[in-house]
Amino acid sequence: MALSLTLPTASGALAPYALRGTAPVKPEAGVKFNRIAYSAAHVVADPLAAVDPWLQAAVDWDTTIAYRRHLFSLGLGVAEAMDTAQRGMGLDWPTSLELIRRSLDAAKDVPGALVASGCGTDHLNIDDVKSVDDVIRGYEEQMAAIEALGGKLIVMASRALARVAKSPADYERVYDRILSQAKQPVVLHWLGDMFDPALAGYWGTKDVDAAMDTALGIIAAHPDKVDGIKISLLDKDKEIAMRRRLPKGVRMYTGDDFNYAELIAGDSFGSEPTHGKSDALLGIFDAIAPAASAALGALAQGNTEKFHAILGPTVPLSRHIFAAPTRFYKTGVVFMAWLNGHQKHFTMVGGQQSTRSLQHFAELFRLADAANLLEQPELAVWRMKTLLALHGVEG
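Take the sequence shown: its position 140, counted from the start at 1, is 139 in numbering that gives the first Met the number 0, and no numbers get skipped.
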């Protein structure tokens, strides 16, 4: 007999729902990917800490690092202390640096494990930032701290830079300075304003094509210092256009949580391998990690049909999790981790579990089931019923 529960519908009514999904796909052991794949990873809050959750970050370190080990076991790299970890939405810089330190330590136990860490300017009081030089000093402070741990940098988009920059030339000055000092090739990060409204007009203009020209010019000036660029614009055509213009050897890391399957599969365009496909640095990989691993393994074995069969059904879920206001997608990612038993509670740093409605969670549950992503169906149903009961829905 199928597991069932009562869920709210889009109209606000209640209706019975019976699980219809099959068992989650299991990745084949030992398969090497032919794409670099980072999962931006969430943090697990400590619900027992005596803190004001809106003002202080309390992290359950053991469970947080255990989830990184889970991602490593699936062959996925970890993009650490990024937006998915609530960077700038509850996770401050001192806690981010400790998170980076612990993740790098955990990676030492896993041969070949990849970790790249977010380097930004979020420790600055934005009201005190008056010039581009202030932004440079901010980047350099975090850069030095991460590199002292042996970490690879993801140079995150800066709210402070977006606020004080007067032209594309200011962006060129900042990135030229940072890239010239980097100890190893970095990943640049272009986060669209749908993820963070404070980043509107990044690269000195609201014209995306002109912004792309500026970013490509910066990369072309330092091709040996740029491993790749992750763009999160939720526009597959812009990503494809940009990756076709990247210098030889510079990767496009898709951050498109709406169209990742086709972007990773690629179109085989051009003479450079990096022009015809995207690698991945995705927040949704946190929520669909086993499926992402299995799909990437199939792709590496030349089975594109299986790749799409596994990953395709996850796309509707991802589009729901990342629906506007997109910046609240972290709540859906943590909700999935709770449903699947990777943490004991549904509490988030900054109290961010409150950013989505019960209807949103109900539809997320249905889509996760449809995508065969409920790893422990009985547990998932019990936990969904717990959430429903907290909202006054019994049965």
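Calculated from the structure, these hints are not laboratory results. Accuracy of the hints is not assured; some may be wrong.
Claimed, not checked - For lysine-lysine, the following DSS-like pairs were computed, each having C-alpha atoms within a straight-line distance of at most 27 angstroms:
#, residue 1, residue 2
1, Lys182, Lys107
2, Lys205, Lys182
3, Lys237, Lys224
4, Lys129, Lys205
What the hints assert, rightly or not - So the derived label-pair ranges between C-beta atoms look like this:
#, residue 1, residue 2, range
5, Gln358, Ala199, 39 to 47 angstroms
6, Gly311, Ala219, 30 to 38 angstroms
7, Asp132, Pro93, 33 to 41 angstroms
8, Lys129, Gly269, 42 to 50 angstroms
Each residue gets a CB set at the ideal place from its N, CA and C atoms; glycine is no exception.
Results for each hint:
no.	hint	result
1	Lys182 - Lys107	19 angstroms, holds
2	Lys205 - Lys182	32 angstroms, violated
3	Lys237 - Lys224	23 angstroms, holds
4	Lys129 - Lys205	22 angstroms, holds
5	Gln358 - Ala199: 39 to 47 angstroms	29 angstroms, violated
6	Gly311 - Ala219: 30 to 38 angstroms	35 angstroms, holds
7	Asp132 - Pro93: 33 to 41 angstroms	23 angstroms, violated
8	Lys129 - Gly269: 42 to 50 angstroms	43 angstroms, holds
When the structure is compared with the earlier hints, violations turn up for hints 2, 5 and 7 and for no others.
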